[in-house]
Structures are given as C-alpha cells and as structure tokens.
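**Q** If you read the protein sequences in the order shown, they are chains G and E.
First residue of the first sequence? That's 1 in the working numbering, and the numbers climb one at a time after it.
First residue of the second sequence? That's 1 in the working numbering, and the numbers climb one at a time after it.
Each hint should be verified, as a subset may be incorrect.
[Said to hold, decoys possible] Here are the simulated lysine-lysine pairs, DSBU-like style, with alpha carbons at most 30 Å apart:
| no. | chain 1 | residue 1 | chain 2 | residue 2 |
| --- | --- | --- | --- | --- |
| 1 | G | K340 | G | K308 |
| 2 | E | K53 | E | K40 |
| 3 | E | K40 | G | K26 |
| 4 | G | K26 | E | K163 |
| 5 | E | K163 | E | K153 |
| 6 | E | K163 | G | K79 |
| 7 | G | K26 | E | K44 |
[Said to hold, decoys possible] Chain G residues, not near chain E, derived (Cβ > 12 Å throughout):
| no. | residue |
| --- | --- |
| 8 | N46 |
| 9 | V98 |
| 10 | Y99 |
These aren't lab readings, by the way, just hints derived from the structure by calculation.
All values reported here derive from a predicted model rather than from experimental measurement.
Just so it is clear, CB atoms sit at the ideal spot from N, CA and C, and this is done for glycine as well.
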Amino acid sequence: MKNNQPDISLIRKYVNGELDATAMYKLERQAENDPLLMDVIRGMENGEQAEDEGRLVEIDQLINRRIEQRKVQKLTPWKLWAAAASLILISAVTGILVYNKPSGNMHTADLAKTQNNIPAPVVGEQNAKIESGIQYESAPLDRIDTTTVVKAKVPVSVKAPVGARIPSTKTPPFGLNDSSSIAALSSAHQNKATAIEYDPLKEAPVSVGYGAVRNSPVITARMMKKSEDTINRALAGRVAGINTELNEVTVVSASPAKSGKGEPVVGWDKYKLYLEQNAVTNSARAGTVILAFKVDGNGKPIQIRIVKGINDAANQKAEELLVGGSKWTSTEKEITLKIKFRSSFVLP
Amino acid sequence: MQATELFHKQFKKIFLPCRSMNWFSNSKKSDPASDELLLKQYLKTGDLAVLGKLFQQHASMVYYVCNRYLQDSEKSKDAVMQIFEELIVKVGKQEIRQFASWLYVLSRNYCLMQLRSGKKMQHVPFEEFVEFPDMEHQVDHEGKEKQLTTLEKCLEKLPDGQKQSIRLFFLDEKCYKDIVECTGFSLNDVKSYIQNGKRNLKICMDKNREK
Numbered sequence: 001m002k003n004n005q006p007d008i009s010l011i012r013k014y015v016n017g018e019l020d021a022t023a024m025y026k027l028e029r030q031a032e033n034d035p036l037l038m039d040v041i042r043g044m045e046n047g048e049q050a051e052d053e054g055r056l057v058e059i060d061q062l063i064n065r066r067i068e069q070r071k072v073q074k075l076t077p078w079k080l081w082a083a084a085a086s087l088i089l090i091s092a093v094t095g096i097l098v099y100n101k102p103s104g105n106m107h108t109a110d111l112a113k114t115q116n117n118i119p120a121p122v123v124g125e126q127n128a129k130i131e132s133g134i135q136y137e138s139a140p141l142d143r144i145d146t147t148t149v150v151k152a153k154v155p156v157s158v159k160a161p162v163g164a165r166i167p168s169t170k171t172p173p174f175g176l177n178d179s180s181s182i183a184a185l186s187s188a189h190q191n192k193a194t195a196i197e198y199d200p201l202k203e204a205p206v207s208v209g210y211g212a213v214r215n216s217p218v219i220t221a222r223m224m225k226k227s228e229d230t231i232n233r234a235l236a237g238r239v240a241g242i243n244t245e246l247n248e249v250t251v252v253s254a255s256p257a258k259s260g261k262g263e264p265v266v267g268w269d270k271y272k273l274y275l276e277q278n279a280v281t282n283s284a285r286a287g288t289v290i291l292a293f294k295v296d297g298n299g300k301p302i303q304i305r306i307v308k309g310i311n312d313a314a315n316q317k318a319e320e321l322l323v324g325g326s327k328w329t330s331t332e333k334e335i336t337l338k339i340k341f342r343s344s345f346v347l348p
Numbered sequence: 001m002q003a004t005e006l007f008h009k010q011f012k013k014i015f016l017p018c019r020s021m022n023w024f025s026n027s028k029k030s031d032p033a034s035d036e037l038l039l040k041q042y043l044k045t046g047d048l049a050v051l052g053k054l055f056q057q058h059a060s061m062v063y064y065v066c067n068r069y070l071q072d073s074e075k076s077k078d079a080v081m082q083i084f085e086e087l088i089v090k091v092g093k094q095e096i097r098q099f100a101s102w103l104y105v106l107s108r109n110y111c112l113m114q115l116r117s118g119k120k121m122q123h124v125p126f127e128e129f130v131e132f133p134d135m136e137h138q139v140d141h142e143g144k145e146k147q148l149t150t151l152e153k154c155l156e157k158l159p160d161g162q163k164q165s166i167r168l169f170f171l172d173e174k175c176y177k178d179i180v181e182c183t184g185f186s187l188n189d190v191k192s193y194i195q196n197g198k199r200n201l202k203i204c205m206d207k208n209r210e211k
C-alpha cells in the first residue's frame, strides 16, 4: 500500500467516471491549482489501468531489488578487513606450498635402486663393467619441444676428454651409457643414493659428451660436482687427456646433417682440440696418419682405412681416436682425416 | 459591499487554490510527518531500505507524472527507477521541506530533460510551470471594486469557449463532464479552455493593474 494510494484510488475513480459531479468538480477544482495533482490525473488518463498497475508492481519489485543489491554490496569495514586478511593468508599459504612443492614434472630416481642396466663402457684400454641404472619414466618423444632446454642434474663431476665419443641410446633417457663419464659416474656412486631429476614431459636422450640427442637440438646437461677425487682416480691413466670438466656440456645441433660433407658433430674446433690432446704416440717417431672412412646412418665412422700411416701402434691409435671420438654428420662421401701425432717418448 | 463579496468569491475561485482540499490532507499514508521522519532516518543512517520505503510511498505519483509527460508506460517505469537513483544522489545535498512536492519537481524536471534530450519537446501548458501568486494580499480594499470590474471586463474579452468554460467551472461550479454536456465541447477542449482562460485572465488583470 502506498502512502497516496487512497488519492490514487480517487483519481482512478475520477478517470473511470465513477465519481459524482460534485466529487469530480472538487477534484478538478483542486487540480486546477495543484500542478502535481493535474499531472497525476493526466498521467493516469494517458495509460490503461491494468497496464499501469502492472508497471507499479514491477517498480516495487525493482526498488526492492535495488535495495537488496545495495545491502549485498555494503560491507562493514571490519568485514572488509577480515576478508582482506583471509585472502592474504590464503595467498601466503598457497605460495609457501607451491614454492616448497617439487615440480610436478620432476621425478627423483635413486641410483641405488637400479632397474635398467647401463652397458659397460670401454674406457681406454680397460673394460670396466659397471652395473648401474637410472630409474626413469618414459614419455613419448613426440611430446618433446625441440626448443626446450632439458636439464639433467647429476650430482657428480666428470672429467672426460673433449670430443670423447659417448654413444647415446634411446634408453635410459639420459643416454648415460658406454662412456667413460658414465663409468666414472656409476663407479663413484655405485652404493650411494644419487638423485637424478629430469622432466618426463621433456624426456629425451641426453648425452654426456658428444652423444647424439634425439629430437632435441639444444640440450643442457648440468653435472653437479661431487666426489671428484673418486672419479679422477677411476679415470686416471685410462683415458688420455682427461682434463676437461664436463660440469656443463652443451651440444648444439646434435642431429647429424643428412647432406653435405661429413664433419664432426661437435664441430671442428673441439674435434681438433680432442685430437691434439690425444694424438700422442709412445714411439720416438712422430708423424701424420691419414685415415679415410665413411659415416653410417648413426654418424659412426665405418670402412676405416689407413691412407698413410706411421707405424702399427700409431695407426691403431688413430683408428681408436676416430672411433672413440665424436660422431660425424652423415654423408655418402668418403672422409679423409689427417691426424698429427706427437711423440711422448722421453730419452732415458 | 455586495460587489466586494462577489469579487472575493469570484477571485478566489479562479486564482486561489482550494486550501481545504489539499491533495495529501486526506491521504491515509502520505503523511508529511511520516515522510519527514523517514527522511531524517535515512539521512542519519544512510540505510537505503528507509529511502526505498519513502520512495515507494510516492512511486505511484512519480509514475503517473512520468506517464503524463512521456506518455509511455515502459518509459515511465524506467524513468521512475532513474528518478530513484537521482533521489539517492540528491537527497542528501538539498534541504527538503516537503518531500512529496520536492519529489514531484525532481520527477517533472527529469521527464522534461528526457523530452528535451530526445528532441521530443512537447507543449506543456504555461501555467503548469508558473505558480500563481497569492493575490489576496495584493489587493487592498479600495481597489477591490475596481479589480472586480476589471475581472468582469477581462472575462468578457476572453474567447467564447474559454469564457463559457471559465464561467461554468469557476462560477457555476460545474465539473468538466457537466461542462461537456452543457456546451457540447470535447473534454480536452474544456480542459484547454479552462487552462488558457485562466492564463489570459491573469495577463489581462496584470495589464490593468499596471495601468
């Protein structure tokens, strides 16, 4: 009920012609001097009763809704402060949890719990069969983002000759097999629980050294220094020229080129350095060995022949250096490699 | 003496509001005291529910005023809500003595602005914007006889329809319907004649007073 409802009723009666002449005149006379009343009468005359009453009901509802809306919006200050404090608290807790939680994509493997055996690598002239394994989870290779840098953290420091060939395989994902690095790694940590973290979503064969990398042009293998003495001892005298720390080795464009002339995957600079450091003969005679070979689909030198030699020992050493060195980019052409040997012979 | 009484009677009937028939006076709920109370309460607490209650008591009036100018029920409904929003903003900024009258002016101005902005300005009778002054105090006893004569002369100068309608409405106290029946004019014509006749009489009286 409205305050002015009775007057509205009266006006409605007037508009409907339900008032007698006196009442009508009374209202009209009043309206002549009251613009408000006149406007209301005329406004009522402009519309239809049923429609107008419907509109008035709607207006009532709209006003009530408007009032309710304001009530919802209106919060007392202490409630606002409480809400703000709660939000900050929740944010802080969430932040701490997220910060402390290991990444969902990272998995920890225990080297002590070996499942997959890594083939024993041949290091120098000695074979050291080391059983080790890396627990890992496989992920489809097609999920690998070729632009992603994969970081594999291995808590070990490895000294290996630059250019030393470390063949990689599909499994285990790090490609840590058949290498002096792995030998050192495994021997140094045979009985230790060593954590290896990697991202399964970005799983790819990661090679230490110059091993091939599948579907990943840029790979970073981060090796964390640990038990250096042990590794050095393991490698001492077995691998020539162990003087390069592979704390972090980056292999760029590991995928061999399918065309063009063959060249070491690691690049000529590193490969030359590798040869310079390792092309040492015990004999008193220094010289040059020229090798000719082809490269198979895996980048491995095949059909090696001596074009020009020094002696059997040097020739064999040259072959070993070639085979044990970097992979080569695929080519159908025969490659000729010239290795200069220096003599380590010291007169007694 | 008799002429003076007749003048008073005629003058009051034409120009003065019928004070005993205040539109709100016989309203059961449109109590100015109640309005004032609610208004004070709202200004004190800022509780929109209070203002909403106050506005709802006058929502019908606002709606019909809007419908008088906008002549569209849907637009009038929207206008009522907009006026409510304006009310929220303005109610604390102005001194309001009589809420209903103030709200009426607010509503009418809003509607006129709407019409103006929509370039649909229509004719609004002049007298609806001009309140006639209370002329009772301006008339001294010496001039009353003269003014009565002037009124009679001015009335005679009005066009026939206005003159007839004014006489029937103010002097004979006939309602519009009766005037329609007596004169054969349409209802709208009668209303128009009365409005225009009042205006012309006032102009005529003012001119004669200046002379």
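**Q** Is the hinted pair K163 (chain E) and K79 (chain G) satisfied, with a Cα-Cα distance of at most 30 Å?
**A** Distance of about 70 Å is beyond 30 Å: violated.
**Q** Going straight from one Cα to the other, do K53 (chain E) and K40 (chain E) come out at no more than 30 Å?
**A** 13 Å, holds
**Q** Run the distance test for K26 (chain G) versus K163 (chain E): straight-line Cα separation, threshold 30 Å.
**A** 20 Å, holds
**Q** Please check whether the beta-carbon of Y99 (chain G) is more than 12 Å away from every beta-carbon in chain E.
**A** Holds, because the least Cβ-Cβ distance between Y99 (chain G) and chain E comes to about 45 Å, which exceeds 12 Å.
**Q** Is N46 (chain G) truly not at the interface, in the sense that its beta carbon sits beyond 12 Å from all beta carbons of chain E?
**A** Label violated. Min Cβ-Cβ 5 Å, cutoff 12 Å.
**Q** Starting from K163 (chain E), check that the Cα of K153 (chain E) is at most 30 Å away, please.
**A** Between K163 (chain E) and K153 (chain E) the Cα gap is close to 11 Å, so the pair holds against 30 Å.
**Q** Would the pair K340 (chain G) and K308 (chain G) pass a check requiring their Cα atoms to be no farther apart than 30 Å?
**A** The hint holds at about 11 Å.
**Q** Is the Cβ of V98 (chain G) farther than 12 Å from every Cβ of chain E?
**A** Nearest chain E Cβ is 42 Å from V98 (chain G), so the label holds.
**Q** Hinted pair, alpha-carbon criterion (30 Å max): K40 (chain E), K26 (chain G). Please report holds or violated.
**A** Between K40 (chain E) and K26 (chain G) the Cα gap is close to 34 Å, so the pair fails against 30 Å, i.e. violated.
**Q** With a cut-off of 30 Å on the C-alpha distance, tell me whether K26 (chain G) and K44 (chain E) pass.
**A** Since the Cα atoms of K26 (chain G) and K44 (chain E) sit roughly 40 Å apart, the hinted pair is violated (cutoff 30 Å).
Consistency note: the structure conflicts with the earlier hints numbered 3, 6, 7, 8.
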